[in-house]
Amino acid sequence: MSEKSNTQMNIERKVAVVTGGSSGIGLATVEKLCNLGFRVAFSGKTQSKIEQVVTDFSKRGFETIGLSCDHREISSFKKLVSLTVKTWGKIDVLVNNVGGISNVGTFVSLEDADWQESLNLNFMSTVRMIKESLPFLEKNKGSRIINVSSFVAQQPGKWNPHYSTAKAALLNLTKYLANELSANDILVNSVIPGSIDTEGWRSGVLLRASKNILEFDTLFKDEVKRINSITPLGRMGQSFEVAECIGFLASDSSSFITGTHLVVDGGRIVGL
Amino acid sequence: MFMAGFQLSSSFTNKSVLVVGAASELGLMISRTFAQRGAKLVLVDTTPIKVEKADELYGSTQMICDVTKQLAITKMLAKLSHPLTGMVYLPRARTRVPISEIKMGDLNKDMEVAVGGLLLLSNSLRGVLKASSADNPFILCLSSVLATQVSSAEGITYHLSKAALEQLVRCLAVEFGPEGIRVNAVSLGWIGKRKNEELFLSEKNFSYRETVNSVHPLRRIGESADAAEALAFLASNEAKFITGQILHVDGGLALQEPGGARLSWINSLKIKSKESKSS
Numbered sequence: 004m005s006e007k008s009n010t011q012m013n014i015e016r017k018v019a020v021v022t023g024g025s026s027g028i029g030l031a032t033v034e035k036l037c038n039l040g041f042r043v044a045f046s047g048k049t050q051s052k053i054e055q056v057v058t059d060f061s062k063r064g065f066e067t068i069g070l071s072c073d074h075r076e077i078s079s080f081k082k083l084v085s086l087t088v089k090t091w092g093k094i095d096v097l098v099n100n101v102g103g104i105s106n107v108g109t110f111v112s113l114e115d116a117d118w119q120e121s122l123n124l125n126f127m128s129t130v131r132m133i134k135e136s137l138p139f140l141e142k143n144k145g146s147r148i149i150n151v152s153s154f155v156a157q158q159p160g161k162w163n164p165h166y167s168t169a170k171a172a173l174l175n176l177t178k179y180l181a182n183e184l185s186a187n188d189i190l191v192n193s194v195i196p197g198s199i200d201t202e203g204w205r206s207g208v209l210l211r212a213s214k215n216i217l218e219f220d221t222l223f224k225d226e227v228k229r230i231n232s233i234t235p236l237g238r239m240g241q242s243f244e245v246a247e248c249i250g251f252l253a254s255d256s257s258s259f260i261t262g263t264h265l266v267v268d269g270g271r272i273v274g275l
Numbered sequence: 012m013f014m015a016g017f018q019l020s021s022s023f024t025n026k027s028v029l030v031v032g033a034a035s036e037l038g039l040m041i042s043r044t045f046a047q048r049g050a051k052l053v054l055v056d057t058t059p060i061k062v063e064k065a066d067e068l069y070g071s072t073q074m075i076c077d078v079t080k081q082l083a084i085t086k087m088l089a090k091l092s093h094p095l096t097g098m099v100y101l102p103r104a105r106t107r108v109p110i111s112e113i114k115m116g117d118l119n120k121d122m123e124v125a126v127g128g129l130l131l132l133s134n135s136l137r138g139v140l141k142a143s144s145a146d147n148p149f150i151l152c153l154s155s156v157l158a159t160q161v162s163s164a165e166g167i168t169y170h171l172s173k174a175a176l177e178q179l180v181r182c183l184a185v186e187f188g189p190e191g192i193r194v195n196a197v198s199l200g201w202i203g204k205r206k207n208e209e210l211f212l213s214e215k216n217f218s219y220r221e222t223v224n225s226v227h228p229l230r231r232i233g234e235s236a237d238a239a240e241a242l243a244f245l246a247s248n249e250a251k252f253i254t255g256q257i258l259h260v261d262g263g264l265a266l267q268e269p270g271g272a273r274l275s276w277i278n279s280l281k282i283k284s285k286e287s288k289s290s
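Residue numbers (the working numbering), protein chains in the order written: chain S, 4 to 275; chain G, 12 to 290.
With the rest of the complex left out, here is chain S (with noise of 0.2 angstroms):
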C-alpha cells in the first residue's frame, strides 16, 4: 500500500486503545467498536488468548492488535500506546478498562501490599494510560477517554475495600479530568457497571469459594439468585450491555456529554 492511500485510510478510520480487552467487558468492548468502524488496540495478560482474538477478528473483518501487558507495570502503557501509534498514527479514543481483585479481604485482613496491588492496576493503570495517551488523543478534536468503574465505588459492599476505593477514585478523576482536559477538547466520562457475568466475576467467586472451603457450584448458584433478587430487572447483566454504554459514549451521539457517570446495572443500586 502506497504511504499516500495508508494516511487517507487513517484519517477516515478512527483508533481505539481498551486496556484489558481479552476478556469480559473489555472484549466486548473491543468486539462493539469493530462494529462501529473504529481499529482497535488493545492489552491483556495471556499471550495466546490475546492473539486467538486477534485472529478470530481478523476472520470478521476487524483491525485489531494486542499486546501482552504486566498493568502494573508503567512500561507496559507505553509500550501499548507506541504500538498502535506506530501501527495506525494517532489514538481517538482510550478506554480504560483494566482492573480486578486479585486478594478477595476485609479491611481487617487485607496488607498494605494488596492496597498497593490494587491501586496500581485498577487506578493508577487508568492515571498511567492517560498520561501516555494524551500527547495523542489532545491531536484529534472530540477524542474520548472512557473509565470503566464499578457499582461498589458507589455503594461499597462489607468485602474489598481495596478495589471498591480504587473504583471511587476513577470517577473522581472522570470529573476532574472533563474540567482540565475540555480545553483541549477531549471529552471524559465513566460507566459503572453493576454485577455483570464475566470471566472475573466468576473468577472472585471461585476465590472467595475456596479461602471459604465451599463447592464453586453451589456459591455461584446461591450469588446468582442474591444478585437477581436484589436488581430490579431481575438479572445480571451480560459483557456486551456494559460494551453498548462505552459505544455510545465513543460515538457522535453523545458529543454533548462529559464528566458523566452512566450506570449500567440493572437498577441495582437505586433500590435499598
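Since the hints were derived computationally from the structure, they do not count as laboratory data. Every residue, glycine too, gets a C-beta built ideally from N, C-alpha and C. There may be inaccurate statements among the hints.
In silico BS3-like cross-links for lysine-lysine, where the CA-CA straight-line distance does not exceed 25 angstroms [what the hints assert, rightly or not]:
no., chain 1, residue 1, chain 2, residue 2
1, G, K64, G, K51
2, S, K224, G, K251
3, S, K161, S, K134
4, S, K228, G, K114
5, S, K228, G, K141
6, G, K64, G, K80
7, G, K283, G, K204
8, G, K281, G, K114
9, S, K82, S, K52
Partner residues aside, some chain G positions facing chain S, computed with beta carbon under 7 angstroms [said to hold, decoys possible]:
no., residue
10, A34
11, V185
12, F244
13, G263
Chain S is fixed; fit chain G onto it per the hints.
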C-alpha cells in the same frame, strides 16, 4: 462515508412511542429523531401540531390531552388502537417568580406538570408496557441540572419539581423493573432554541454569547439534537440493562468549578420581581 459508522443507528421499527409535550421545539426534535429511526409515534400535547407532508412526523397519531387529569388520560388511551412500547415525557411548568412572591399555586403547578402527569401516565401505561416486555419497554423523561444544583435565574418550585422527578424515576425503576419496564431520565443544562438562534449568533450578542459558551467546559450551549440523541440511546435495545438512571447531557455545566465564576455569573441573571419588571 465511514464517519456514519460512528453514529449509533439501532432501528426503532418495533417501537411505538407516546411523546408527551411533543409540540415544543424540543418535543418536535425528539419526535423526529425517533421517527427517523422507524418508531411509530403518538404525539400528545394540549395544542395541535401542524405537520407538513414532507415531515417525518406526517402520519403520526395526534392526541390533545391534559395529562395532569386522570380522566383525560383514560379517555386518550381508550382511543389508541395499537400497543405502546414506550413513553417520552417532556412537560414542565417552569414557574419563574422570586422566592418572596411564591404562592402554593406555583408549587402545585410545577409539581403537577413535571411530576404528577408523569406518575399518572406511568400508572395508566403500566399494563400496556408490561405486555410488550419482549420489546424492551421504557419510560423516559427530562430532568435538569437544577434537580441537584441551584441557580437564582430560575424559580425555586421548578428546582423542586425536577428533584422530585429524579426520585420518581428511581421509584418507578424499582417498582416497574420486575415487569421489564425501564425508567430513566436525561438531565439537561442549557439548550438553545432555534427561534432565538439568530439573536444568539448576532454580532451585538458577542460578549453575552462568549460568556454563556465559556461557562460550559465544552464551550458551547446544548442543542435539541444533543438531548434527542441521548434519549434515543436510552430508548434503544442497546440500553436494556440501564434503569433508574439520570444521564447528564450538559456539556459539563454541572461540573462545579472551584472559585465559582460560573455560579456567580449565572446568579447575576437573578429573577426580577413583578414590581421591578413593571417599573
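How the hints compare with the structure:
1. G:K64 with G:K51: Satisfied, since the Cα-Cα distance of roughly 16 angstroms is no more than 25 angstroms.
2. S:K224 with G:K251: At roughly 24 angstroms apart (the allowed maximum being 25 angstroms), K251 of chain G and K224 of chain S satisfy the hint.
3. S:K161 with S:K134: With Cα atoms ~33 angstroms apart, K161 of chain S and K134 of chain S exceed 25 angstroms; violated.
4. S:K228 with G:K114: violated, 50 angstroms
5. S:K228 with G:K141: holds, 23 angstroms
6. G:K64 with G:K80: This hinted pair is violated, its Cα atoms lying about 32 angstroms apart.
7. G:K283 with G:K204: holds, 22 angstroms
8. G:K281 with G:K114: holds, 19 angstroms
9. S:K82 with S:K52: The hint holds at about 19 angstroms.
10. A34: The hint is violated - A34 of chain G has no Cβ within 7 angstroms of chain S, the shortest such distance being about 24 angstroms.
11. V185: holds, 5 angstroms
12. F244: Holds, because the Cβ-Cβ distance from F244 of chain G to chain S comes to roughly 5 angstroms (cut-off 7 angstroms).
13. G263: holds, 4 angstroms
Hints 3, 4, 6 and 10, counting from the list given before, are not met by this structure.
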